[in-house]
Every structure is written in structure tokens, then in C-alpha cells.
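Peer 1: Just so you know, the sequences run in chain order A and B. Read in full-length UniProt numbering, the first sequence has 7 at position 7, and its numbers run on one by one without any break. Read in full-length UniProt numbering, the second sequence has 79 at position 79, and its numbers run on one by one without any break.
Please keep in mind that the hints were generated in silico from the structure rather than gathered at the bench. No residue lacks a Cβ here, since even glycine has one placed at the ideal position from N, Cα and C. Don't take every hint at face value.
With a straight-line cut-off of 30 Å between C-alpha atoms, the simulated DSSO-like cross-links for lysine-lysine are [stated by the list, open to error]: (1) B:163 with A:15; (2) B:88 with A:150; (3) B:88 with B:163.
Pair by pair, the computed Cβ-Cβ distance ranges are [stated by the list, open to error]: (4) B:91 with A:120: 43 to 51 Å; (5) B:111 with A:45: 43 to 51 Å; (6) A:16 with B:47: 34 to 42 Å.
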Amino acid sequence: MKWTFKETGMYEESKEYVDSLIIPMNPITFGAQMKQFSSMHEFMTILTMEVEKQLKGRLLLMPALTYWSEGQEKAGLIDIWKVKLAEAEFKHIFWITSDSEWKRYEDKLPGTLLWIPAIGLEYLEEGQARQMMNDQVRQIIDMLTQSWNK
Amino acid sequence: MSKRNVSRRQFLNYTLTGVGGFMAAGILMPMVRFAIDPVLKASASGGYVATSQKVSELTAEPIRVDYTFDQIDGWYESQVTNTAWVYKADDGKIVALSPVCKHLGCTVAWNTDKEHPEQFFCPCHMGRYTKDGVNVPGTPPIKPLDVYETQEKDGILYLGLLKPHEGA
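In isolation and in its complexed conformation, chain B is listed as follows:
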């Protein structure tokens, strides 16, 4: 027989505190977890979306780069594929332009107007932009094309947020 006797009062105290503690923990844990959840979640690389474009394959000629992301649009979530016009500028910087015309939102394309080569052209109302995305005066658009933030990771091009053109 051990000398340390546990009285009935002590036994009940220990058991109830123990069980109560577990119960409290069981209730509080999910709450705490829930409260700090956004902190624990790994950030999706700051809103950058991966494309399938290798940075090393970019040239001075703008090319169409597609990227897909999940868009929540009011009621439903859907996969949306968007496009950017990407090229390497003379100073080696990567330029990614939004294809959305600043006039009324049509999609512009590179070098499709035979009379004005080496420009972005909007088929809707003949809007034109020079290669750096600046609108050609006298055509309907009044603002330059928006510019994507870009990032290179493992040789792959990532597109970030759309920003208004700096030269504006």
C-alpha cells in the first residue's frame, strides 16, 4: 500500500478539473484556430498567377499569353482564362499588357492592322496603341493599356495585379 492517500475530495477535484480542462480545450481550440486561420494559410504568392510561358522564350515581339484562374462572380465560381500581351523591352524588362481596350473593353491584338503595323489594334472602333501600350492620339481610346505586374519564378512567368500605365 502506498503512503500517499488520495482523499475522495482530492480525487474528485483532479478528475473534474482534468475533464473540464479537456472540454474547455475542445471548445476553444476550433475557435482560436478559426480566428487566426488567415495567418496560418500560405499566401497564394501575393495574387500572382502562373502562366505556361517560359521567360527565356520571350522576345521583343509581343505574344499572347493565356492564364487561368478561379473567379467568383456574384453567385458562382468559375474558371476564367484571360490573356496578356507579353514581350521583352529593350532594357530587358518584361512588359505584360492587358488586352482590354480602354475605349469600350474589346480585345486588342498585336500587329493585325495592315495599315499600321507594329501596333496594338482594336477591331471594334479602330483604336490603336503603340508597342509600349500608349494610345495613339486621334483614335478612340483615351488612356493607355493597363499593365500587369510580372514575376519570374523557376523560369516561368507569373502575372500579378493590373496597374494603370505609368506613362499616363
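Chain A extracted, bound-state conformation:
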């Protein structure tokens, strides 16, 4: 389910079936990495939307957690989220990002970190990009269903 009026309503109605939360994480900057980060953001948006579409009934997709790549403490972010997440009842929490910085915080994050290197979709032609994306989506869905079945 998406973070929209209609679908959060759906979530409230069928809470007992929705036990997973997906939080995309995207860095931003006005510096040299602007293009790289925007490409990551694009990739993450498409990826998470596709995953949500396929597994709509069991997960809630949060709006992307967007943070400044410099000057914003990741540890601080995690602390706030930890408190808030404890208030909600999600059995499975997936943090999904292309920012490799998060690897260093993996054990501090509550839940599972899925680090997916971004594919520069802008360099591919339409059909290829679609194929690549489908493969990625498939792999993530496999990961999610595996952790459900554990």
C-alpha cells in the first residue's frame, strides 16, 4: 500500500494483514554528486513503486526518507525512527537504498537493510531499462518473501 489517503485507509482497515514496512532512503545535495543522487532517487522511486505494486497487500511503502548527504547525522536519524517504529506494529522493516554509506549503520538499523546499487537508467534504452528493472524487482520480491517465510 502506498502513502496516500485512500491506501492508508485501506491499511487501517486491514492492519492484521500488513506486517511489512518499506522505507526508501535517498541522499540529496547541491554539490558535485547532484546528478548521481538524482539518478539514484529516480531508480529507487521506480523500484519501490514496482515492488509495492506486486506485494501491495502485505506492505506499506513509506514516502522516501530524504536526507542531506553531508551535515545530517545518520545515527540521529536512526534514533528518531527507532522510537517511532516501536509505536507501530510492523514485524518486518526493510530499509532500501542505493547509498552505500548505510552499510556502516547496518546493525544499528531496526530491521533489514537492502542495499541495491543504482542502475543508471538514463544510459539504457527503454526496453533494456524495463528488463533490468524487472530483474531487480524480482530479486527484491524474492528477498521479501523469503524473510516472510522464515
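Please build the complex by placing chain B on the supplied structure of chain A, with the hints as guidance.
Peer 2: Chain B alone, transformed into the frame defined by chain A:
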């Protein structure tokens, strides 16, 4: 010199009617055109969308068929790719099922659950449907999968509107 003389009054009459007529036509034409425009537009084959699937290649085994269409979603128009599960039934009729689980809207797949082969399976809450799209009792879905209207044109499969399952 011609014998038929045109008087000043007649000349003015003719010219003004002529010019006035053109002006009236110029104004009315677009209006009429606009009013009957929907009639003139060729219908997009009744809402049917072409897939890339050849009908002759369909078998009794359900396969995933993608199709793309323009969707207007509130503010923006976008290209959406949707999927259908298509196979040929025993009586030769083509069956196209919607992959959207009737429980909470996940995407079902054919034959992915090892314990229950030859069924549609929803990975979210273990919902199952038999090959004809009817939900297996005891699993979360309470309704059968929706069915697409199908059409064959030049050997290509066209998908139409989604209808609730008839066996429901």
C-alpha cells in the same frame, strides 16, 4: 457593354451577403465540428488493447502477457504496463485472468508454490486460485480472479475490459 446592369444596391447586397456568409461559416464550422467531434473520431477498437502475444502460440499452460496503455491518473498521464495470465482452455477458448489478488491486491503468479502446483499463488498471504481463476476455499481470497474480455485480430491477442468471474 453587357445589357444586364448591376445596380449599386444589388452589388452591395451580393457582396455583403457573400462576405457575411463566409464569416458566419467561419464561425459556425469549428463549433459544429467541435460538437460532433466524438462521432467523427475513430473508436479505439472498443477499449481493446493490443498485446505482443500471438494467439497461435498460446497453449494450455498459463503465460504472463504484458500490455501497455496510457493511464490518466488524477494529475498526470503515464504509460502503465499491466499483466494478464493467458491460456487456452480445453474447449479452445482463450482465458485471460487478471493477476490482481482479490484479497488485498498483490500480484499472483502461476505455479510458484511448490506444495500446490498448477495453481495461481499469491505470495502475500498464501492465497490460491485454481487454473480457471476460482479461489481455493480456506485461503484468504473470497472472490475469483477477474477475467479480461479477449479478442483476436490479425493473429494478435487483444485484451478488453475486466469483468468479474462468471463462476462467482
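Peer 1: The structure should be examined with respect to each hint, and the outcome stated for every one.
Peer 2: Here's how the hints hold up against the structure:
1. B:163 with A:15: holds (28 Å)
2. B:88 with A:150: violated (36 Å)
3. B:88 with B:163: holds (18 Å)
4. B:91 with A:120: 43 to 51 Å: holds (49 Å)
5. B:111 with A:45: 43 to 51 Å: violated (31 Å)
6. A:16 with B:47: 34 to 42 Å: holds (37 Å)
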